[in-house]
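K.L.:
Now for the letters of each chain:
Protein chains: 2
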Amino acid sequence: MNSIDPNRLHNFSAGPGTLPLAVLESVCEELPVFAQTGSSVMEISHRSPEYIQIEASARERITSLLGLSQDWHILFLGGGASMQFHQVPLNFLPHDGQAGYLLTGSWAKKAHAEADQIGKGRMIASSADSGFNYIPDPSLWDLSSDDVYVHYTSNNTIYGTQFQSTPDVDSPLVCDASSDFLSRPIELDRYGLIYAGAQKNIGPAGVTVILIRDDFLDTRKNSLPTMLDYGTHAAKCFNTPPVFAVYIVEKVLDWLQDQGGISGIQKINHQKASLLYSTIDQSEFYKGTAEKTSRSEMNVTFRLHQEDLEPVFIHEAAKHGLLALKGHRSVGGMRASIYNACTLDSVKVLVDFMKDFEKRNG
Amino acid sequence: MNSIDPNRLHNFSAGPGTLPLAVLESVCEELPVFAQTGSSVMEISHRSPEYIQIEASARERITSLLGLSQDWHILFLGGGASMQFHQVPLNFLPHDGQAGYLLTGSWAKKAHAEADQIGKGRMIASSADSGFNYIPDPSLWDLSSDDVYVHYTSNNTIYGTQFQSTPDVDSPLVCDASSDFLSRPIELDRYGLIYAGAQKNIGPAGVTVILIRDDFLDTRKNSLPTMLDYGTHAAKCFNTPPVFAVYIVEKVLDWLQDQGGISGIQKINHQKASLLYSTIDQSEFYKGTAEKTSRSEMNVTFRLHQEDLEPVFIHEAAKHGLLALKGHRSVGGMRASIYNACTLDSVKVLVDFMKDFEKRNG
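Residue numbers (my numbering), protein chains in the order written: chain U, 185 to 546; chain W, 185 to 546.
Pulled out of the complex, with its shape left as it was, chain U reads as follows:
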């Protein structure tokens, strides 16, 4: 179904998500021997010049893509974004202090719960009242200058919503950007820390990329457990990193630069999302689940007016080589995850299928 490899299908998985085919082909070429090392990349020391070069290149590419100044540290940690739900307040939220949390979905709620174990995780706003199908209006946010940081989830994978602009708050922003990292520009000066599990936009599961600004890092607490202290990893390569995952991330970043960087990929992402949303909006058969002003360009969630046809849609789509379109188990319906590496071609095939399915069943 894919124009390059006939066995590759159109993958709309919410995560781990699809990767650029060029990256996978390059990996294959470098197995079982990487460069001139006599071994695969999985078998070389993380202190070897070859691996150090991979990490340095990944950092340079992120720096270049986002225009990071020297004030930023770039960390590659294991444990997943879920570990950051704990690590962020452990480092920055005093026991008698408070931090603000914007509750826009399941992941935001989980982050909030971990903060509450350490200090006061203060709810600034929530869209739980209508199943998290919108981003709360900033004019109604309960902001406080005492918040040591404000945490938010820039894109909500499950509910198909996304912040359309950077929250305008006085406290440093901490952002879980797992599902839209490097899909659009970031207004860096508002942030203290940005974290992203790699497995949606920038690589495989197994590494979390963390950007942390030096002056924010300096505000962390004392006597932290070594591995959970951001300072440990900002200072040096402390322990064995997830070598292979970082290696893939570096290749994805290279690919991303070839797409025209952030502005290039943003244009493609916008095309993909517009094509899908316009198909949904022009139809009486499909309906979007997120409020229009909060729609995600990464995860397009939709339903059929005839809900009993949804399993048929998903089943037939799979037969047409359109994979992983089932919505998250907590919300049902359909979800097309169209991260950076999902091609416009895949979205066109999906849209054609949607139109055909509507014709046959509408």
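Hints in this document: simulated from the structure, not taken from any laboratory.
Don't take each hint at face value.
[Stated by the list, open to error] Only pairs whose alpha carbons sit at most 30 Å apart, straight line, appear in this in silico DSS-like list of lysine-lysine: (1) U:Lys471 x U:Lys503; (2) W:Lys420 x U:Lys293; (3) U:Lys304 x W:Lys304.
[As the list claims (entries may be wrong)] Across the chosen pairs, the derived CB separations fall in these ranges: (4) U:Asp402 x W:Ser328: 53 to 61 Å; (5) W:Glu213 x U:Asp354: 53 to 61 Å; (6) U:Thr416 x W:Glu213: 33 to 41 Å; (7) U:Gly251 x W:Ser328: 54 to 62 Å; (8) U:Gln443 x W:Ser349: 35 to 43 Å; (9) W:Glu213 x U:Gly516: 31 to 39 Å; (10) W:Ser210 x U:Ser310: 41 to 49 Å; (11) W:Glu213 x U:Leu528: 24 to 32 Å; (12) W:Glu234 x U:Ser514: 19 to 27 Å; (13) U:Pro278 x W:Asp402: 29 to 37 Å; (14) W:Pro278 x U:Pro278: 29 to 37 Å; (15) U:Glu234 x W:Ser514: 18 to 26 Å; (16) W:Gly251 x U:Gln220: 41 to 49 Å.
All C-beta atoms in this analysis are idealised placements derived from N, C-alpha and C, irrespective of residue type, glycine included.
Given chain U, put chain W in place with the hints provided.
P.N.:
Using the frame of chain U, we list chain W on its own:
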């Protein structure tokens, strides 16, 4: 230099270490499309039947290899073994409690330091007095029935020492088995928890395998951070695991079963280590650094009597396709890491080189 792939060299890296060539070839065959999924294994959901099957198979293979009863949970976590240095006392050491630590090297010391942040990490014995070149005599250990657990490092990668038998203590054992896991049998009934970073004997960097016995798990403290609570991961797949690393581990376990399981690999490991140690002992040119009764079958550390020739040895060895023989920067000299996947053939080539080098320089 390798009999199968002319570009593969003899890899004695201390970690990440060498992997079975058959595993790497199998990975390559499954790129860019894994099984019938239409995607690579890196791009499928961790909730997909295909990935669930991979994890289940990895658990079954470990269960079979070690003869685990149903009392044991098998976890695959990110973050590295260093995270366990904190996670173990966080779960099991009360603030006003104590745990025993056997200090046999750098990693053991790091684990001890993290325990001391949480409760009392009590030193039971140490071989720091002579550069950690031996395992302290059990008759001199300062044991206490109040220790909620006794922590030890079964193999000390840097110093080339290894516990020759399981510590005989009343408290449940907690073991950092990162560098000899599945290289020899484990007397399971003495343990509460065993952890191992995968990147030496069982896979690539990026996943830590944790075995935890149910009754020990039940003794953990309350109100733990979700991601650091072993109970979270024993109960279910909580968050995205390091999919690709687990996938490789499963293949390495399959390979290990083909080698005759633990008893089969132990025999080969013993052959490899004996060949190297006998070469060292029969020579006036080389000298082992670990006490003979404490020698590791995983990391063979040795020096030249003429220390100024060591850089020449390492340089010439590399030219002969014998890689990563430089000792750890904290001790110098040479180190041949001969984990499970290092072949007897590689060790024979090394021994031949050693004899030739001695002839030319002795």
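K.L.:
Each hint needs a verdict: does it hold in this structure or not?
P.N.:
Hint-by-hint comparison with the structure:
1. U:Lys471 x U:Lys503: This hinted pair holds, its Cα atoms lying about 23 Å apart.
2. W:Lys420 x U:Lys293: holds, 19 Å
3. U:Lys304 x W:Lys304: holds, 29 Å
4. U:Asp402 x W:Ser328: 53 to 61 Å: 41 Å Cβ-Cβ, so the 53 to 61 Å window is violated.
5. W:Glu213 x U:Asp354: 53 to 61 Å: holds, 55 Å
6. U:Thr416 x W:Glu213: 33 to 41 Å: holds, 39 Å
7. U:Gly251 x W:Ser328: 54 to 62 Å: 57 Å Cβ-Cβ, so the 54 to 62 Å window holds.
8. U:Gln443 x W:Ser349: 35 to 43 Å: violated, 58 Å
9. W:Glu213 x U:Gly516: 31 to 39 Å: At 37 Å between Cβs, range holds.
10. W:Ser210 x U:Ser310: 41 to 49 Å: holds, 48 Å
11. W:Glu213 x U:Leu528: 24 to 32 Å: At roughly 30 Å between Cβ atoms, U:Leu528 and W:Glu213 fall inside 24 to 32 Å, so the hint holds.
12. W:Glu234 x U:Ser514: 19 to 27 Å: Roughly 22 Å apart at Cβ, these two residues keep to the hinted range, so it holds.
13. U:Pro278 x W:Asp402: 29 to 37 Å: About 33 Å separates the Cβ atoms of U:Pro278 and W:Asp402, which means 29 to 37 Å holds.
14. W:Pro278 x U:Pro278: 29 to 37 Å: violated, 24 Å
15. U:Glu234 x W:Ser514: 18 to 26 Å: About 22 Å separates the Cβ atoms of U:Glu234 and W:Ser514, which means 18 to 26 Å holds.
16. W:Gly251 x U:Gln220: 41 to 49 Å: Roughly 43 Å apart at Cβ, these two residues keep to the hinted range, so it holds.
In terms of the numbered hints stated before, the structure departs from hints 4, 8, 14, listed from lowest to highest.
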